[in-house]
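> Got chain A; can you put chain B on it based on the hints?
Chains A and B supply the protein sequences, listed in that same order. Quick note: to get the numbering used here, add 53 to the position in the first sequence (first position is 1). Quick note: to get the numbering used here, add 853 to the position in the second sequence (first position is 1).
Just so you know, the hints here were simulated from the structure itself, not pulled from any lab data. Check before you lean on any hint, since a few could be wrong.
Derived CB-CB ranges, DEER-like [what the hints assert, rightly or not]: (1) A:Gly162 to B:Glu1163: 27 to 33 Å; (2) B:Lys1201 to A:Asp222: 51 to 57 Å; (3) B:Gly1234 to A:Val72: 36 to 42 Å; (4) A:Val72 to B:Ala972: 33 to 39 Å; (5) B:Ala972 to A:Tyr75: 44 to 50 Å; (6) B:Glu879 to A:Gly232: 26 to 32 Å; (7) B:Val1238 to A:Arg201: 24 to 30 Å; (8) B:Ala1029 to A:Ala137: 49 to 55 Å; (9) B:Ser1105 to A:Glu159: 50 to 56 Å; (10) B:Pro1197 to A:Gly162: 25 to 31 Å; (11) A:Leu123 to B:Glu1163: 18 to 24 Å; (12) A:Asp229 to B:Asp1110: 32 to 38 Å.
A few chain A positions that, by computed beta-carbon distances, are all more than 10 Å from chain B [unchecked claim]: (13) Ile59; (14) Phe64; (15) Arg115; (16) Ala166.
Note that CB positions come from ideal geometry on N, CA and C, so glycine has one too.
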Amino acid sequence: MSYDWIIDVLFWVAVAFLVAVYVSWRATRLDRLHVRVETARAALDAALVRRAAAALELAASRLLDPAASLVLATAAHEARTADADNREFAESDLSRALRAVVDQPEFVGTLTAHGAGEGEAVLDELSSSAAKVAYARRFYNDAVSQARIARRKPLIRILPLAGRAPLPDFFEIDDDPPGI
Amino acid sequence: MRVGIVCPYTWNVPGGVQQHIGDLAEALIALGHDVSVITPADDDARLPPYAVSAGRAVPVPYNGSVARLAFGFLSAGRVRRWIHEGGFDVLHVHEPAAPSLGLLACWAADGPIVGTFHASFVKSRALSVMSPILGSALEKITGRIAVSEAARTSLVDHLGGDAVLVPNGVATERYAMADPLPGWPGRVPAAGAEPRGHGDGGTLGFLGRMDEPRKGLDVLLRAFEILGRRRPDLRLLLAGPGDADDVAARVSPDLRDRVVILGMVSEADKVRAYHSVDVFVAPNLGGESFGIVLVEAMSAGAPILASDIEAFDRVLLGGRAGALFPVGDHEALASAAAALLDDPARRKQLSAEARAAVRVYDWSAVARDVLRVYETVALSGAGVVESGLGA
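So here's chain A without its partners, still in its complex pose (with noise of 0.2 Å):
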């Protein structure tokens, strides 16, 4: 049969249009993945910055001792001052020197006693920017995992379906929140 090529013709051509179609849903998945990172960085970031601005809140507002303020002003200064490099150790500081001020005996106690609801209102604050920077990292972390995963996977090492997009690094720190 004079026909057979053209079976041929249409029996690769639908195979190249499936593994097209195949590679660019990995794709897409992949740079979905990568937007998640960005995204989750973001949030990450904007935890951290409204967590040092809680604790420099806390640290002027004249509740506390003048020498437990400047533990705190320095840490929330460090962490928000900190290169790139040591980041993550400042933020851990913060997070210690947030839990040695705050788990004082009796200092939750005072603070709200203190003031027309003004120390309540800065607890509420550094509570719940201490519990988002938690939340914040542990997504971001499970982002970057699965981003790492699948940067791993075969097809991803040999097409170039990564772009130039740099292989995210986890964000490690010490963010256990002080007891509010």
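Showing chain B alone in chain A's frame:
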């Protein structure tokens, strides 16, 4: 905040996940948020005003048992339209790994998606065969919540990544007030009431599966053999699924008439049972991750005497909100119970401490944590949009 919640199981069939979603939705609405729940439901089912039906769920064999799941074009279409019309700030999918509405919702949506994993699951062959399909849906979830440490461990083992822990809430006010069961004097005599007459030497209570050895009923029964002889008016109130005759046979004949076995009780009677006892005993031998029964009894203000397993020690704040005894030690249980029965002031104090300690398990506190998760993932404010087909 506009929140869309996806329930995977039929609304009118009682179950832990459905109960969780109902309580969460109500707590969020009470905080002033706008909530819509989509759920499988029978055609004639009455749904709360915040819920919409995605059609009937079909009983299918899945994972070794028959589950009622919703899938197919009709359900998928309804979920897609619900997402399109909802304009949600965040989508909250429950049990997304089950082949039901949760999975369909993940497919149909893009944007901030929170997923709550309830059950711990074993990795099945189907899960790995299907994993590109399941994976592409699950990797859209931007914030994962596990309701227990066990659920979190199995999630991390099978799917990788990480999850935050937000435990189940307890609607503590549902337990706070109730009349004791008929024939029981109740814990706190009303002001000005007659002092308790003869025939009331106190009551110990137990609630849990009576035929499950790890619930520790045997330890309590052996302690009652000691206590019941020393205190001729002490009674024992047992509630929970299990064979009553079988339990009665485990009690000495001379004590049998003071052991009252209710068997399975309704939700309302359970609350009344908590209010009927002087000391609520939780003699569990282990295997509890949280101790929901303990938290319920504490919400009712029952003085607690529990074995010192890790979960109970944590809930009881190391003994401050309830007395502890060494796990499995029936003699220690007997003497601790005797001490509590003889000390009304201590019981009153434990009751007050218990009611204060359960506040962190209340839905209002849990809803606050879930909201913090929503705010973390929905930071960009982009909201949830319908995704393109095949994504």
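> Next, verify each hint and record whether it holds.
Going down the list of hints, with the structure as the test:
1. For A:Gly162 paired with B:Glu1163, a C-beta distance near 28 Å keeps the hint of 27 to 33 Å intact.
2. Here the CB-CB span from B:Lys1201 to A:Asp222 is close to 55 Å, well matched to the stated 51 to 57 Å.
3. For B:Gly1234 and A:Val72, the hinted distance range of 36 to 42 Å is satisfied, since their beta carbons lie about 39 Å from each other.
4. For the pair A:Val72 and B:Ala972, the supplied restraint of 33 to 39 Å holds, since their beta-carbon distance comes to about 38 Å.
5. Remark: the range hint 44 to 50 Å for B:Ala972 to A:Tyr75 is contradicted by a beta-carbon distance near 32 Å.
6. Distance hint check for B:Glu879 and A:Gly232: the Cβ-Cβ separation is about 28 Å, which falls inside the suggested range of 26 to 32 Å.
7. The hinted window of 24 to 30 Å between B:Val1238 and A:Arg201 holds, with their beta carbons roughly 27 Å apart.
8. In this structure, B:Ala1029 and A:Ala137 meet the distance hint of 49 to 55 Å, their C-beta atoms being roughly 52 Å apart.
9. A hinted range of 50 to 56 Å holds for the C-beta pair B:Ser1105 and A:Glu159, which are about 52 Å apart.
10. The beta-carbon spacing between B:Pro1197 and A:Gly162, approximately 29 Å, falls within the hinted interval of 25 to 31 Å.
11. Checked against the hint of 18 to 24 Å, the C-beta distance between A:Leu123 and B:Glu1163 comes to roughly 39 Å, which is inconsistent with it.
12. The hint said 32 to 38 Å for the Cβ distance between A:Asp229 and B:Asp1110, and at roughly 54 Å that hint is violated.
13. With a least beta-carbon separation of about 29 Å from chain B, A:Ile59 lies farther than 10 Å from that chain, consistent with its non-interface assignment.
14. No beta-carbon of chain B comes within 10 Å of the beta-carbon of A:Phe64; the shortest separation is about 23 Å.
15. The claim that A:Arg115 is not at the interface with chain B holds, since no C-beta of that chain comes within 10 Å of its own (minimum 28 Å).
16. With a cut of 10 Å on Cβ distances, A:Ala166 stays outside the contact zone with chain B, its closest approach being about 18 Å.
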